[in-house]
Amino acid sequence: MQVSKILEILIALGLFYFLFSTLVSLLFEWYSYKTQKRGRFLYETILKLLNDPVNKSYGASLYSHFSIDQLKKNRDSYPQYISSDMFADALIDIIGSQSETTKFENIFDPKGSANLVDVKLVEERIEDPYKRFQKGLEQMNYSPLKSYLRAFYEKTENYTELKKKIADWFDDYMARVSGWYKTKTKRSLFIISLLVCLALNVDSITLIKKLNTDDKYRKDLVLIAEKKALENKINAQKIDSVDIAKNIESIKSVITEIEDSSLPIGYNSDFLNSKEEKFLPMFLWWICGIIISAFALSFGAPFWFEVMVKAINIRRAGIKPS
Amino acid sequence: MNDIYNIHSHIFTGKCAPKDFLQVAAKLGDGASTFLKWLILTRPVSWLITKLGNLIPKRILQFLKIGVMASQEEVFLDLKGAYDNSEYSGIKIVALTIDMDYMSDPDKKPEKDFNSQIQDIYKLKKTYPSTLFPFYGIDPRNPDIKNLENLKKAIESKTFVGIKLYPANGFFPFDARLDSLYQYAEKNNIPVMTHCTRGGSYYLGKNVWSVIPDNPTSVNPAHPLMPVITARISKYKNASDKSFRENSRACNLFSHPENYIPVLDKYPKLKLCIAHMGGDIEILGVKNPDAKSAKLYQAAKTLEGNLTSWYDIIKQKILIEKYPNTFTDISYSLCDENCMIQLSGDLKNGLILPERVLFGTDYFMVAKENAELKVVAVGQKNLSGYFPLFMSANNKRYLF
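Protein sequences, first through last, are from chains B and H.
Here the first sequence is numbered in the numbering used here, starting from 399 and rising by one per residue.
Here the second sequence is numbered in the numbering used here, starting from 4 and rising by one per residue.
Just so you know, nobody snuck in bad clues.
No more than 27 angstroms apart at the CA atoms, straight line, and that leaves these computed lysine-lysine pairs for DSSO-like: (1) K625(B) <-> K708(B); (2) K161(H) <-> K149(H); (3) K471(B) <-> K83(H); (4) K518(B) <-> K161(H); (5) K129(H) <-> K470(B); (6) K126(H) <-> K533(B); (7) K320(H) <-> K399(H); (8) K533(B) <-> K161(H); (9) K240(H) <-> K209(H).
I should point out that these hints are in silico values taken from the structure, not numbers from a laboratory.
All chains, please: the whole structure from these sequences, using the hints.
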């Protein structure tokens with residue numbers, strides 16, 4: 399087989415997987431949003447980050463903090479995302495609030511009825527948030543978390559620096575959390591991919607066969623792929639967690655693109671007839687094709703876009719000058 | 004009627020309880036209970052319970068609806084809201100926190116630990132200073148018991164107005180580790196509320212006998228009742244009816260009202276409320292219309308070697324002149340009309356001093372039986388003459 403033909407098949411496959419993995423990603427995002435998967439995972443990892451068995455669960459306190467609590471869409475939901483700025487502000491406030499002394503004064507009826515007529519709140523707090531943080535730290539018993547936070551305080555000279563240190567720490571941790579989340583969600587992604595492949599009959603083996611035998615079809619797909627690559631961006635359709643109608647629109651637009659590419663998918667009469675001939679071997683090949691597709695789609699749209707662009711560049715021996 | 008109090012309520016959420024907490028209510032195995040709690044706290048099931056809880060006044064649904072609430076504030080407002088449009092509008096609420104970090108095996112610890120539960124209460128008290136009067140939960144297994152640092156901070160700031168003990172979670176009320184607590188409470192006139200019924204919540208860990216020593220330490224080791232208590236432990240351990248060796252019944256050893264006598268003899272001025280009057284099983288005894296409860300009462304009485312019921316022990320040995328600051332409350336028991344009739348008769352016959360009885364409901368535990376105002380109505384119907392006294396004067400005397 400010629401190298402150019404192999405590259406063309408690779409480009410066409412890249413396009414094929416790219417379109418379907420975009421659909422899978424959209425469905426996965428929608429599923430994650432509906433099941434609070436991402437928000438719950440973020441909650442669990444923040445509990446872990448701020449775990450302090452000696453003092454208290456600062457993760458739970460963070461989520462009860464007014465600024466974070468306001469991010470909840472409703473009473474049962476978890477924020478999907480917390481910015482590092484917000485995290486740092488809330489944590490500094492929580493630690494600092496430990497330095498506060500709050501007292502209540504019970505005021506009884508002066509006429510001697512022993513009725514409690516009022517309860518006055520008397521608050522003593524340090525106004526400077528940087529000093530408050532230091533005093534709050536002093537209130538904590540020794541723990542690895544205290545030691546870590548104290549190091550931030552010791553390395554900084556004012557609130558801005560402290561906030562930046564904590565925000566950087568959070569960003570660094572979140573980068574790792576993203577990796578953990580990807581690993582954790584692999585199985586769900588594979589299941590959604592498999593369901594998409596079964597629902598739409600996305601069979602890689604049938605496609606490869608068609609690409610190998612039908613030159614015109616293969617070249618048409620390569621042209622579409624080149625057009626996509628020239629756009630030089632991933633069709634970054636993101637799930638809008640608020641507007642479900644928009645999400646459905648995003649999914650519809652991907653399906654339209656798939657239909658326009660006239661890919662060999664779906665359960666048409668050809669598919670059913672072909673299965674009647676030699677049912678068992680055909681069925682096994684079909685299952686293999688579906689599993690390969692599901693596995694490939696679970697790699698995600700960015701991966702397949704990159705594969706597609708790289709194959710196009712190799713085929714052209716360089717990026718087309720603009 | 005003004006300045007009235009509900010002396011006994013809980014506003015913690017399902018997240019403050021251990022993973023296997025539903026064992027207590029659902030009588031399920033450990034694994035099933037953990038699964039059920041997880042299931043109930045999942046978003047769709049929690050949503051469904053909230054919706055159904057609003058539509059169907061089924062008691063268990065109402066209880067679960069409160070259990071799945073997102074925050075203590077939400078639970079508190081639910082309770083406050085129940086009274087807002089009633090004749091009890093403006094009632095002050097005493098919320099009893101419970102340290103549930105030690106009521107199960109370490110791997111079943113609550114998602115929200117006790118310290119977080121307390122921190123939320125600190126915030127709530129700031130928001131509702133004139134309505135909320137929290138009690139600080141104490142468990143001798145918590146390291147804070149050594150110097151009572153957190154408790155003292157909570158009490159001295161007047162954020163918390165009393166101390167809550169829940170012995171059935173796995174400790175004896177006469178535990179030597181509690182000595183400094185009682186000393187502090189007596190010296191500073193701080194009210195102590197303790198649970199006293201058979202059953203209720205109890206230690207959930209796999210091996211309940213790991214928390215029941217043969218010879219437990221005591222604040223008053225030379226007290227003549229200590230050998231009786233030790234003998235009772237032995238009787239439970241070797242009970243021919245194996246059900247008494249299991250958690251739900253073995254924890255009755257912790258709740259027995261006699262356990263407070265060695266404490267009271269050492270600290271006679273301690274302000275102590277033995278809640279629930281011992282519970283319906285002990286109030287009604289063999290007269291209980293529920294044959295199962297009557298049978299359990301008889302079996303437990305025989306095993307424990309009690310001459311009288313727990314209710315009688317409370318009346319005759321605790322609410323006495325020797326201990327001028329002892330009380331009991333009608334919480335939870337008030338939902339059972341028979342218990343209220345019994346109490347009403349005892350009050351009329353002078354068998355219990357009206358000044359020693361407090362009003363509380365045990366919200367949201369009592370939601371399993373009926374809605375808040377409905378249980379209050381049962382109490383008022385049978386104790387109408389005493390209700391203002393219980394709700395106001397007695398509760399104030401106990402609290403301040």
